[in-house]
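Given these sequences and hints, build the entire structure.
So the protein sequences, as listed, match chains A and B.
Each position in the first sequence, counted from 1, maps to that position plus 296 in the working numbering.
Each position in the second sequence, counted from 1, maps to that position plus 296 in the working numbering.
Don't take every hint at face value.
As the list makes no split between identical chains, a pair holds if one copy fits it or if it spans any two.
Taking lysine-lysine pairs in the DSS-like style, the calculated list, with each CA pair at most 30 angstroms apart, reads [stated by the list, open to error]:
{"id": "1", "residue 1": "K512", "residue 2": "K452"}
{"id": "2", "residue 1": "K302", "residue 2": "K459"}
{"id": "3", "residue 1": "K452", "residue 2": "K381"}
{"id": "4", "residue 1": "K476", "residue 2": "K512"}
Just so you know, the hints here were simulated from the structure itself, not pulled from any lab data.
Protein chains: 2
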Amino acid sequence: MNSNPKKAVILLSGGIDSATTLAIAVRDGFEACTMSFSYGQRHSCELEAAQWIADSFHIKKRVLVTIDLRLFGGSALTSDLEVPKNRSAGEIAHGIPITYVPARNTIFLSYALGWAEVIGSHDIFIGVNSVDYSGYPDCRPEFINAFQNMANLATKEGVEGHKIAIHTPLINLSKAQIIKTGSGLGVDYASTLSCYDPSPEGFSCGECDSCQIRSKGFKEAGVEDPTRYKF
Amino acid sequence: MNSNPKKAVILLSGGIDSATTLAIAVRDGFEACTMSFSYGQRHSCELEAAQWIADSFHIKKRVLVTIDLRLFGGSALTSDLEVPKNRSAGEIAHGIPITYVPARNTIFLSYALGWAEVIGSHDIFIGVNSVDYSGYPDCRPEFINAFQNMANLATKEGVEGHKIAIHTPLINLSKAQIIKTGSGLGVDYASTLSCYDPSPEGFSCGECDSCQIRSKGFKEAGVEDPTRYKF
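If you want it as C-alpha cells, here you go:
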C-alpha cells in the first residue's frame, strides 16, 4: 500500500459526474483534495451534496471557493433567465442552451490549477463528459486538451518540468455507464443533486435538461433512481 | 469616426503596464471595458489607482471582481510571506520569485473571457511583457498563445466562429518603451501604483522588485518619475 499517495485536485459540484470522478480518483490511489464553488448558482444546495459526498469518501483536504458569477450573468444558472423545462431529447442534444455559464469550466479549472500548484499536486480531475451532456463547449475533449497545454505553460510547476495532467475519466462514458461505474465504487447517488432548479428543500424538478439526462441515465443503467423529486 | 466601436475587455490592475495597455486599446478605437480584481493582494490600494486611471479615460463599463486568492496563498502577495527587498538586477532577472501568484493571470483571463462573452466582445487586452518583467511564467508569449487557443475552444462565441483575440501590446517592449508610449497617449503615471508593499497611505517602498523595475524604467525613458516613495 502506498503510504504517501500523490495528491489530486477534484472539482466537486455535488452532481453525479463529479461524485463518480471523485470515486475514480480515490480508486486510482490518489489523495483526493476536493474543490467546490459557490458561484451564485441558482441550485446552490448542490454544495450541501458536495459536502455529503466528500464526507462519504473521508476527504480531509477540501476547499470551498466563493465567487460571484452573477456579476456578469449571461446564463439561466446565474441570472433571472428561466431554466428551460420539458425539452425533448432532440432539443437537449442540439446547440448550446441558456444554462451554459460563460467560461465556467475555464474559471473552475484555473482555480484548481492554482490550488494544485500550492499543494504540490500535478493532477486535476474534472467530471466532464461528451456523450450525455448539455452541449457546453467547455465539456469537450478539445477544450480539455487545450487547457492542459496552457496549464503546462502557465505555472512554475509546468516551467520546472512537472507535467500537469487534467484527468477526465468520464469523457467517453454515457450517463448510464457513469452511474454503473460509480455504483460499483460505492458512490451514494442519493446524496448527489443534478437539478438546475431545485425547490428550497432540495427536491429536484424532474423537468430541466439535467434532471432528464439524469433520470434517463438511471433507467438505462438499470439502477434505481434515488433522486428526491418534488412530484 | 466609428460611432459603434468594438468592445474590448481590458485587465486593469492599476500599474504602469495595465494603464498603458488601456491607453493603447482606446487609441486603437475600442470601447474599453475595464476589469479589476480585489484578490486579497497585499497592495490592494492599487485598486484605487485603477479607478483613477479608468476615470481619466472616461471608462463607462467597468467591473471589480472580488475573489480571495489568500484562500490558497503560496505567494508573498497573498500571504504573510515577506516581499523580497533590494534584490540586484541579476537576482530579479533570474528565476520565479516568491511574489509569483499561482495561476493568477490564468484566473484573471478566464474571468475576462466570461465577461467578454456576456457583453459580446471578442477582444481581451492584458499588459504582460516579457522584457522587463519578474520572471512569471504566465507573462510569456507562449502562455498567452496557449490561452488564446484554449479560449477559442472554451466558449460559445469561439464555437460559433467568432475568433477571440488576446491582445498583448506590451509583450516586446521594455519598461522604458512602455512609459514613453503611455506618456505619448496621456497616461497619468502619477495615478499608477506598482509597489508590492506600499504603506497604508499608498506610498511606494522603492525596494521591492516592482519598484526597482519601475524606477529603472523612468530613468531609461528620460521621463520624470512621479511615484510617491515613502523615503
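Results of checking the hints against the structure:
In this assembly of identical chains, the alpha carbons of K512 and K452 lie at most 30 angstroms apart only when taken from different copies (26 angstroms versus 43 angstroms within one copy). Proximity of K302 and K459 under a CA criterion of 30 angstroms is satisfied intra-copy only: 13 angstroms inside one chain copy versus 38 angstroms between copies. Only between protomers do K452 and K381 lie at most 30 angstroms apart by alpha-carbon distance; the minimum there is 21 angstroms, versus 45 angstroms within a single protomer. In this homomeric assembly, K476 and K512 come within 30 angstroms of each other (Cα to Cα) only inside a single copy, at 13 angstroms, whereas the closest approach across copies is 63 angstroms.
Comparing the model with each earlier hint shows no violations; every hint is respected.
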